[in-house]
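Asks: Could you fit the two chains together into a complex? Lean on the hints.
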Amino acid sequence: MAHGTYSYQPKNAFTKWLDSRLPILRLMDETMLQFPTPKNLNYWYTFGGILTFMLVLQILTGVVLAMHYVPHETMAFDSVERIMRDVNYGWLMRYLHSNGASMFFIAVYLHIFRGLYYGSYKAPREVLWLLGIVIYLLMMATGFLGYTLPWGQMSFWGATVITNFFSAIPFVGEAVTQWLWGSFAVDNSTLQRFFSLHYLLPFVIAGVVVLHIWALHVPGNNNPLGIDVKGAADTVAFHPYYTTKDLFALVVFVMVMCYFVFFNPNFLGHADNYIPANRLVTPPHIVPEWYYLPLYAVLRSVPDKLIGVLLMFGAILVWAFLPWLDRSNVRSYKFRPVSRQLFFILLIVTWILGMLGAQSVDGDFEFYFGLVLPISKLFLSQICTIYYFLHFLVITPLVSMNEKALPVPESIATAVLARNSHAPKARSAG
Amino acid sequence: MKLRALLSLVVVFAFAGVALAEGDQTTPKHPETQTWEWDGPFGTFDRRQLQRGYQVYKEVCASCHSMNLVSFRNLSQPGGPEFSDAQMKALAALVQVSALDDNGEPVQRPATAADRFPSPFANEKAARAANNNAYPPDLSVIAKARAHGIEGEGPDYLYALITGYSEAPAGFQLLPGLNYNPYFAGHQIAMPPPLSSDGQVTWADGNPPATKSQMAKDVVAFMTWAADPKMEERKSLGVKVMIFLALLSIMLFFAYKRVWRDVAH
Chain A
4 MAHGTYSYQP
14 KNAFTKWLDS
24 RLPILRLMDE
34 TMLQFPTPKN
44 LNYWYTFGGI
54 LTFMLVLQIL
64 TGVVLAMHYV
74 PHETMAFDSV
84 ERIMRDVNYG
94 WLMRYLHSNG
104 ASMFFIAVYL
114 HIFRGLYYGS
124 YKAPREVLWL
134 LGIVIYLLMM
144 ATGFLGYTLP
154 WGQMSFWGAT
164 VITNFFSAIP
174 FVGEAVTQWL
184 WGSFAVDNST
194 LQRFFSLHYL
204 LPFVIAGVVV
214 LHIWALHVPG
224 NNNPLGIDVK
234 GAADTVAFHP
244 YYTTKDLFAL
254 VVFVMVMCYF
264 VFFNPNFLGH
274 ADNYIPANRL
284 VTPPHIVPEW
294 YYLPLYAVLR
304 SVPDKLIGVL
314 LMFGAILVWA
324 FLPWLDRSNV
334 RSYKFRPVSR
344 QLFFILLIVT
354 WILGMLGAQS
364 VDGDFEFYFG
374 LVLPISKLFL
384 SQICTIYYFL
394 HFLVITPLVS
404 MNEKALPVPE
414 SIATAVLARN
424 SHAPKARSAG
Chain B
9 MKLRALLSLV
19 VVFAFAGVAL
29 AEGDQTTPKH
39 PETQTWEWDG
49 PFGTFDRRQL
59 QRGYQVYKEV
69 CASCHSMNLV
79 SFRNLSQPGG
89 PEFSDAQMKA
99 LAALVQVSAL
109 DDNGEPVQRP
119 ATAADRFPSP
129 FANEKAARAA
139 NNNAYPPDLS
149 VIAKARAHGI
159 EGEGPDYLYA
169 LITGYSEAPA
179 GFQLLPGLNY
189 NPYFAGHQIA
199 MPPPLSSDGQ
209 VTWADGNPPA
219 TKSQMAKDVV
229 AFMTWAADPK
239 MEERKSLGVK
249 VMIFLALLSI
259 MLFFAYKRVW
269 RDVAH
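Protein chains in written order, with the working numbering: chain A, 4 to 433; chain B, 9 to 273.
There may be inaccurate statements among the hints.
[To be verified] Each pair of labels, with its calculated beta carbon distance range:
#1 V375/A x R117/B: 37 to 43 Å
#2 K37/B x T285/A: 19 to 25 Å
#3 D365/A x T41/B: 25 to 31 Å
Simulated from the structure, these hints should not be mistaken for laboratory data. Ideal placement from N, C-alpha and C gives every residue a C-beta, glycine not left out.
Isolated chain B, as found in the complex (with noise of 0.2 Å):
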């Protein structure tokens, strides 16, 4: 009895004294849950989606962003925007990158397959001057280095990011140079809003409307493939390791079962 009244008295105490841990004026406000494509261990890309995420990038992203861990040869391979290789080399050729000609003079020529993408400024300095002391930071593993550790979460963060600019509540000191967004650790991000207006980017066939949330979606999909370009093929070959174990474990279970059936245990 006494044990109990002892219990209960903490239980009281705990919660008497129990606080939401509620955001304030700089907790990073916790971004909304998405449904995307990917989710699960079936979900996969959506190739249109990812192509129209590689133009939103391209853009509008890589003005100021870096993704330098990624080829325009993987626009063309399996589990990405599958453009075809003709697709590919058009849209690399369409980008400059720096070389050394034949006299070892620094020139300029089209991109072929085997290219990263191209870094906007030469280096960090340079970044630096040109985006009022900030570092636009390289987006080829930006959906997993934002991730709160279980899959999704970085696309939703990076999501509600792009989408969750706002007007500073009355009372916040912003900074000058830099923008209110509740979702940014400390509320204030010297990015400015990436996507505007609706139709800022115009795709080919026009279709889904390119709406603001629909060209964020379409990108973060786009940044997501490009930090885990195996991840359809981790899923696939996860399915069948699963049912080929499941199975194994099963008839394990029984062999077991039957070396153990006349012994007493």
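So here's chain A without its partners, still in its complex pose (with noise of 0.2 Å):
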């Protein structure tokens, strides 16, 4: 481990018996209790500990709710419905579910836009960023599955629009989407096989984050300076210090979710997936759910739909590139000014991209308070992708090559004693 001693004891006949057989309390120990963590970890460092706990919540609502959901075209809607009427806290289990799914989002984006921020991707923690990609893409997948299942007018023409990506590869593209469908169009048979993977891949998502969580603890957190751990004068132990921090920030996070739950619980949704699906009417205007507007802005933004599938899955493969694209040898954008404001842009450019996303495809761009500007929905969607890409592949390259970096404080603890006493000491940059 990275940093610090450990020094778990067992204490009785029986920890002491199983800790040379099984050593699984010392892990425990090791890992969730005495793990040092740097002392000066802020609020977005959070949202860790959020995410684990969203996903148990997924997984517990999610069993509740498969033992009454009917996996059936003719009767998948009804069944839900059933589940919100006649199902004892049934509508509960719904409403956390469909609500906890849009939450797991936000605290997905947090997490991984804080990771961009101070530069958590950079070495030695590169394996740790490549399988929150994983995870983040296994979420992606398991969120889609889950939109279908209610077989809703959006989530057959959702399902529709996604599985019909897998026709734009070449030769094989019509044989690999009807054997996607296991039909030759979404139908009972897609739905099935949807629920089936709905249901496996969030055990799969579980076991991806063990990694990820072991990932974590080999390097250690990364932290708001982005500076190496010097010694135990840096650290405090993962307990009481930080479960106390998270559990505050949790409560929190559950109370936004519970205002969505109990006082607006379709507001994330989109209201025709109360409509049964009707494969003879297509809704004027299909949107995805809006976790993944951005990307769907992306795949719109080309007329071919190869390349604009390509694109729309780039988007997301180019974060894999990032700890070898950053030349820097600074990690926290806190002290890089330049990657620092290109950071925001890059915030903003997305931003526009999710709006994007939401609005059909013609047309001048909609911007808030009924505002149309003059700028076709095309063009802008173009100009964006252009420079999300450009931001990954060229700017960010050459910026970090090229930045002169702020003084980097010699150490987590003197930053913190110097921000205490208002006498900063610190060293320049490498």
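Replies: Quick look at the structure:
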């Protein structure tokens, strides 16, 4: 382990016996209780714990829902409504699960952008970052599969649009798509396999989460200063310091979720999904769940389907190269003034892509308050898509090689002391 | 300076070309916001209103629209119209449903508490044949299916649609058999105005006066309850959960501060 030494001592005869056979209590003690954690982590670092809680909540509510749900094209819609009407607290399970998915994605986006801002993807945490991308991709797949299950209009047409991506593959596209459907169109066989996979993938996610946490515990946490832990003065034990902080943040997060669950449960969904699936009626405007919207805008920015699909997947896969595209030897963007501004520009560009993904393809860009800006949506989404890729592939390498970083503090402890006494003590960046 | 000049240029350009998204001949008109009894975190349904709403649904809507997720027993459950059990059974018995007799022959019998509301048509084809090829949608979850995501907008839309019929403006190409309604996408709807005159429905105690607007509000209330019969349970549990979480978060905050009190960070 990275810093500090552990001192787990089995206390009684049973724990001594167990420790020499399966040191699981030692593992728990070392990774969850004593684990030395930088003492300067802010609230952006609480989302890891929040995400773990959300995964458990989704699995628990999902298991209960699966006891009542019927994965059949003629019964799925009504079975979901039956859960909401006739199953004890079924409405609670269902609204927790559907809003929980959205809250899961809110948390994961904050977690990802926190990792970007503080340079958490940089050495020695590349594998941690890559595993995070795998989890995110699995979450996207699970979220999509789950959204099809109520078999409403958006479920059905969303499934049709997304599975059609695979028809863009040259030569074998049609065969692959029909293999995915288990049929010649999205129908009952598709729904049944989607239900099976939707039940499977969360456990795969849980497995990769274990690897993700393992990969975190080898180098230890990054921190807002982005500097390495130098010694015991820089850290505190995970418990009780971060357990109390994470719990507080978790409860605040759960309160936000409960606002949606109890007082506005359909706000994050689409009204059309309360219309039963109908293959003869295409909704005027098919939109995916909000968490796919930026990617959906990237997809639609090019008229060619294959290129669109490749760009969409590329928009996520490009993150995998970030640890090597960023050449700077300073991690945290706090000390990288240009990268910091570029980070916020990337956020805005991603947000605009999200807005574009929610709007119909043609016409001018609909800004907020009913304002329509005189720029075509297609053109704007092309500019944003190009910028998005330029940011990672060109701007980040160039800027990180040439940027003059601000002075980085000697250690976490000195930075904390300096902040508290208002007497900065720093060395310039290497 | 250069940047500021550029920025102001962009702003001027943006506003010069700004066009407000305005309704044309087919864009549906945005429904006006109504005040509903059940608005807000403490909102509950008005029992009398839901009972009147059931009557409007039964006497007007049910002749064309099904509501097949709702059972008669729901009419006496907490959080709904809350008819007494005897009233609910009497209301059910007024309605005939299809069943099989002991010889397996199809018969009609009075509905019981366990029966779903029967559909007015045997199937979609029969419904279309009777309605100029339009299919009257099921009303069970219509208040959720027409919302624009925000609680209350579905009911606003339904109220606007039911009361929003008018003469087609000059030059509007109204297709035969359709009716002009600016709140409907495309502005023409197959459903004729369902509430054509005040006093169309007569309720037992005659209060409040059965104006078109009152009948519309009552039936919208009924459809909103039907779409979300656990709304009252949900909100009342939600208030308790929120109070609990707020107190818990305060205690956790002080626990966190106390644990960290000797650590500079």
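Asks: Each hint needs a verdict: does it hold in this structure or not?
Replies: Against the structure, the hints:
1. A hinted range of 37 to 43 Å is violated for the C-beta pair V375/A and R117/B, which are about 58 Å apart.
2. For K37/B and T285/A, the Cβ-Cβ distance of about 23 Å falls inside the hinted range of 19 to 25 Å, so the restraint holds.
3. The given range of 25 to 31 Å is respected by D365/A and T41/B, whose C-beta atoms sit roughly 30 Å from each other.
The structure fails hint 1 only (numbered hints given earlier).
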